[in-house]
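Novice: So you can see what is in the structure, the chains are spelled out below.
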Amino acid sequence: MKKTVFCILMCIAHSVWSQNEYTISGYVKEFSSGEALFGVNVLIDNTMGTTTNEYGFYSISLSGGPHTIVVSYLGFQTITEPITLEGDRRINFDLREESNALDEVVVTSSSKSNDVRSVEMSVATLKTGVIKKLPPAIGEVDVLKSIQLLPGVSSVSEGSSGFNVRGGSSDQNLVLLDDATIFNASHLLGFFSVFNADAVKDVKLYKGGIPATFGGRLSSVLDIKQKEGNLKKFGGELGIGLISSRALIEGPIAKGDSDEGKGSYLLAGRRSYIDLFAPLLDDLEDTQLYFYDINLKVNYNLNENNRLFLSGYFGQDKFAVENIFGNTYGNSSATLRWTSVLSDKLFLQTSGIFSDYNYEVDVLTSGTEFQWESSIVNYNFKPRLSWFISSGNTLKTGVDFTYYEFNPGEISPLNNSNTTPQDFQEKFALETAPYVDFEQKISEKLSLQYGLRLSFFQRIGEESVPVYENGEPLTYNPTLDLFEENTILSETQFGSGDVIESFTNLEPRASARFLWNETTSVKASYNRNYQYLHLISNSASATPLDIWAPSGPFLRPQFSDQYALGYFKTFKDNTFDFSLEAYYKDLRDVTDFVDGADLLFEEDVETQVVQGDGRAYGLEFQLNKNSGKLTGWLSYTLSRTERQILGINNNEYYPANNDQTHEVSLVGIYQLNDRWEFGANFVYGSGRPVTFPTGKFEQEGLIVADFDNRNGNRLPAFHRLDLSATLNPKKGGNGTWIFSIANAYNRQNAATIFFRERTQEINDVDIPLGTTEASKFSFLGIVPSVTYQFKF
Amino acid sequence: MKTIKRIFGLNIMALGCVFFLACETDVTDDIDLASSPPKLVIQGGLERNLTSPLVQQEILLTVTNDFLSEEPNPAVTNAQVSITDGTTVWQMNHQGSGVYSNTELSPQIGTTYTMIIEWEGETYQGSDTLNEVPRFDRFFTEFEEGTIFSPEGYFLKFDTTDPANVENYYYYRAFRNGEFVIVPDPGNAQILIASDEFNDGQQIIGADINGEVPFQVGELATGQQLGISEEYFDYLFQLFTQTGNTGINFGGNPPPATIRSNLINLDTPGRRAVGFFYTADVEEATITITE
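Going down the list, the protein sequences come from chains P and G.
Take 1 as the starting number for the first sequence in this note's numbering and just add one per residue.
Take 1 as the starting number for the second sequence in this note's numbering and just add one per residue.
Worth flagging that the hints you see were computed from the coordinates, not collected in a lab.
Please note that a few of the clues may not be correct.
[Stated by the list, open to error] Short, incomplete list of chain P residues facing chain G, as computed with Cβ under 7 Å:
1) T694
2) G701
3) D708
4) S775
Just so we're clear, the structure is a prediction, and the values are computed from it rather than from any experiment.
Virtual Cβ for every residue (Gly too), placed ideally from N, Cα, C.
Just chain G, same shape as in the assembly (with noise of 0.2 Å):
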């Protein structure tokens, strides 16, 4: 079912572009937005990596600027902030930037961490909790020729096994020669997450980690798979699907809204964060390309 999911939803977001014959202007500099107050902003969470394991956890705080602004979002850099896990609080000291770390913190598996933020006066929260991810059971890539809908190269693709009689949700990551690589493609939401509702316990064969991402013969090719909750996925979904939504859909178009973040601010509940807190086991594997 995730397949037939991923295939599906790839295809119709691209047709809906083949088939309008439509003119399409670039109109940046015609149009004044409104713009609203800053909100705060985190990036990033807590990663429990087996294959190569983190230095530190780190997380990255900036403000919301205006959509059409060339500026880089302002940083964070005044904001006191500590992660706990009911007994342990660990403080994230400022690095610099906006980015936050910790060397101390070792994420373990089922536990819930809680992200405390206190920043000009009010304090936001927000909780995640840490689901472990199955092992690949096999790594490997693919060549494919390309269509009108894909590109050409070579694909990273795995085999893993859904552990059964537990809920778990997926997410994706390529990375190019150690660095992340995504597209903002329609088919995202489809294809970059995934959930077992459909084949809890099974093993899934031959799946793409990122059907959009082609690697050529030399390229040092990661792909990731992580353990995500639900909470995190419904945020992802909507995320790849508001970043996706480029051009007139076959499949539709929702109405966009604010992706709500798991962060409350617990003195003014009106005045929202944005961005996601979350926690994830990673599995990694990497291949360097070859004929």
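Same shape as in the complex, but just chain P (with noise of 0.2 Å):
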């Protein structure tokens, strides 16, 4: 098999291979900061042309002879450059920033221009900038809540940074933090994110058409790269908010008396302090409530051709009521990556990444003290090989190692209680997948990505491993319409490093992007991918105390197939841009749980899940304006997500938690003049799916509920106005203040329904009424906001 596939890449290679060409190439930086700029127009002649690549660097073959280079990036100003060609060149360019003057701002929702011609469909580029002018959520700038906005994405709940992609749910979606895994990408109980928008440069998020260099969730790809430090100058900022404060420096390494330095570095963080207002509360007077994280970036040329880059990531999140419980989660992660220009046609690029996320929870209660510990540790190794054969043709290949450590739970005794230890059995894997990516252009009209992934997954000891009755841990029982435990026979011991499951899966992707004309094209993509983590959560909210499980015995690997067809279209000059996508998504082997699953300290969470399929299709439409004083866009979906499982809904399909038919966000950025700034963005959607109950009994001195479909009900419809003010500083003052109000004309949205009995308290115990009723909780009414933010 590899061989075939080598060979037809070799006589690809031979067919674009073209004789008596040079390779001009190079990086392409930001002028004040020297930071290296990704998804840079390169335009030869107007005829050809390529972008940067995520660390600046691009290449391109051409004839010889006299050329004209044109390097453009919307918001910075174009460089044009003639040329004249007699062997290999190395050019590097310096872009800088338009300058602040009012007819030429520019703000862009994704590198715009690009969308046309580019390959690539079903994806959105945000710039901290941008995302930095959108009204705060909650007093504070939050990346996921940005990307909320866009078609196609879309809120787990109100106020939650956890998101759903194309009806997947949210641990379908891979978060990379400079290529590191975020398992649980919240703080504070979902309502903020773990990244920092100061330390952030840029996110990319693959909604569809993702290419074979990303694996391992089916659903989307959120690519997010943390800011390299400003080569040039030290500098700082700082960020005083209502409910946390944030401080970043940057600046050269081993500068000397050079232009720029050999390196550089950036240092952020943050505090929230929302629980500074908690002793105002008497029910909250010994409450902790607390996240900080901290961002470094270090990166040092070594020489012209190579690089190399620390980064890392530590969050922390501490929820304690005193004496009675403590709850502790976070991330960590650390990433060190070696680029290396081996010629003017081969990048290279090595990564070796620790990442960790665990959570602890102490119970305090006098006579049983305990600390409950749970992790997922992994490890990556990822060498990829990106080689610009020639113009539109590039071909990139590499292989992504990674090794699983799960460890579901220790329990340890605190303050010397009688609690018995308890160890739950760690588990571990390996997976290995090796890929290739070719981009090619057939034609000045007709350009291909496509690519295959070989996945192969490995579970491996040392673990012991139940044998079941009927060899599966539950049987469907379609008389009671339940699933029944089965018993355990005995158990395998599997030694250290011993292969107890293994998985091989090819995951071929196919992108197609034909340009009708300069300003109109049409695109198609297919994409298989396999997941091999089920998080394992009876929450549709985040929730810190999730359990990862890997594929194994008793879990199969979830996988999808999904179609996309796209129309796009540029007018007015690039002012505004259009798009029209169309996705269907077939899911395989998700999970959800039995009736009545019971997750909190199972060991053998295989007992409580089932498996069964899935599908979503849907319309995403989007409408951008790139440029004037008034920019923004408005993007509507209207898209169906259902999922059918045996045991639930009578075994029929069933609209999944996440099914939203309608949803509209209208985004607008408004530049009054040199000084204000003003955001505004809409957002309605659909309510989310639910059961309501159709009838009720009494059992056990309770009312109980009785119910007939999943997810047969609605939520009411959600909507909310978000608005901001930034008033920026005067010529050489440094100051910004942002003025906002979230949620303006409050709202009050249906985060949940809950029908139930009524009770009446009487000497401190809820004494049920043997009456029912239904109450609505809603997250957040309208919440203003201050933030100032000083430069230095």
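Dock the two chains into a complex; use the hints.
Specialist: Below you can see the structure in the form of structure tokens.
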């Protein structure tokens, strides 16, 4: 198989290879900071072009003779340079930001002019600059909440940083911070995301057409790159808000007398302080509730061709009630990357990554104090080679190695309590995924990108695996319409490193772009993705107590096939662009819970999970205004997401928890003058599916609800308006004020509606009254906030 | 382990409610709920109680009605109900208001009892097996100060010894002055029922009968430990999870679903009954609260 693939690739390579060509390559950087720019257009003689990769590197092959190079990037001054090519050349460009003068202000929601020409579809790029101009949701600019304003992306619940992409559940998003997988991207139970906007350079979301270079999750890839730090001068930023404060410093390393340092660093930190207000509320007097995080990035140019990057993230949440309860959770990650320009056409990047998500719960009730700890650790090694064969033809190949250690739980006594220590078995897995991805220009009009990923997942020992009666942990009993747990007959002991179960799967990916004319293109894509990790959480909202279970003897990997078709158009000289995409996604072996699942302290999670199928389809529409005083976008999504799982909803299709029929986002940023800037966004979404009771009965003194169809009802529609105003400093000043009002007209959106028995409190005890009520919960009313930012 | 689970369950559930300074609105009058055709409901089962022997075994039959209805569930008065252990058949006679009873039936340990209900031309059938329950080694009260998670007062406590090498499932009931007390609390699924999965054959010391129900001085407090079947344990787990799910939970919100009954409709399997026909062995003790 591998031989055939290689052979095909060589043939392709040969067919696109032409003689007597020279290569121009180099880096494109931002002038003031020396920061590499990603996605910059490098256009030759107005006919052929390329874009810079995530390290700002480009390479393009041309015939000898005179040419004109145009380097352009929205928001930056375009460079036009004539050259005469007589051999391979290395040319670096420094782009200057367009000045802040009124008529020149450009804000862009993505590298837009690219959309029509690029083979990529279903991709959105957001720069921190744009994210920071959007009204903050709860007093804090948030990367993940910004992407929820894009079509096809919706929020798990109001105010939550959890997100769903094209009907995928939130664990089907691969969230990468400088290539390190982040397992839980939320702070404070989902109200904030772990990404500090100050330290983030840009965010790229793949909703579909996921290239073969990524793998491991079904629905999307959110690729977040941290800033590299200023190569030229030392600087910093302070931000003081009502909810949190943050600080950042950056500067060159080994600058000496030269214009630029040999490297640069960036260090950013945040700390929330909502808990300072806690003493104001009697109930919360002894409560601790905060998060903090630290981002670090260092890069160093070993020489012209070799660079080293070190990036790190450390974040922690703490929630504690004195003498009763404590919960700490957080991610940490470290990435060491080496990029090397091997030749004008070959670019090699190699990353070694460590990532860890852990949580700890302390129960401090007198006599039975104990601590519960759980973690997922993974180590990655990711070499990748990019070969810029010729203009429009690029081959990327590499292997992703990942080693996982799952520690589902460990209980230890605290304060000499008599709790018996318990240690659930650790689980280990190894994932190896070689891939090739090829971008090929067939003609001026037609370009293709296709690739193949081979994922090979092994569950390895040491582990003792139960042997169930009937070979399966659960058997469906159609008479009773429920799953019955099977008895464990014996256990098979696997030694350290022994293979317990392995899976090998091919993941083909392909996209095509047909350029109708200079301003219009049509694109199509297909991709198959496999996911070997399952998030076992009985909640739609983000909780820190997530349990991730690897595929193995009783849990099959989940996979999806996605087909997408799109139409892209720009008009009025790129001032506006428009896109329309349709997608259909088939999901297999997705997990859901058997009714009445008990997940807390469950060692054998497979006994609580059933696997079934899903499907999702929809239409996404987006209109962007990219330049002028007023910029922004309007997006609309029409979609349907369903599941079919044995034992749920009489075995028929039912709407998934994240199904949302209509979703509209309207985002506007208005630059009034040099100093004042205004932002607004309005979001409307159809109500999420919920299951309301169809009857009641009594049992053991309590009123019990009876239900017919899973997710057969809808919450009321959701809508809200957020506003912000930014007062930029006068010339020479460096303080910025940001005023915002989230949920401006104080809409009490239903987070959920509960049906329950009415109770009356008598002597501190809620006595059931025998009658019933429906009660709506809303998370957030109107939230005004102000932030002061100071640059030095 | 049982205790750990109890306390943990209690705390994380309660925390969710504390954290979200969320706004709650009563929307009972704004909601239109679909109604489904009435289903047969069974309440009750067979109980073997050596401390205060029952004069008769009884069950209650009703039908479901709309969830937000203010009316009590209509009683089923026209059913034919019988119970058999495979050899003897006991008729349960209608006493009025949906109560069916028999004075002859004296439940025996280890016996599987099957209930047969004939109603509206259809036959429902369900079984449960009676498991022996261990006695209390000690039954006492302890005063506990209130915290934000639990009320203040005297709580019923007990020691008991789990029989070794058999699977045991327990259910705990508290009575105030002879009247059954239960609170729709998120922690019930962790607190009111237990299995010996992690402490088979061990003595359990100082466990709560119901940590949500405090007693005051002068009250007559009764605690029961019921030996139940694994099926009934699973049923009660779902029952308490659902009835306790009254707010946003830090520990998650499992999707609601009909709690499956052990009664099967032999004629139209899709038309199910709700409720559970259980058999239980009961250990009971009573104490008057003093200072």
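Novice: Work down the list of hints and note, for each, if the structure agrees.
Specialist: Okay, the hints, checked on the actual structure:
| no. | hint | verdict |
| --- | --- | --- |
| 1 | T694 | holds (4 Å) |
| 2 | G701 | holds (4 Å) |
| 3 | D708 | holds (5 Å) |
| 4 | S775 | holds (6 Å) |
Comparing the model with each earlier hint shows no violations; every hint is respected.
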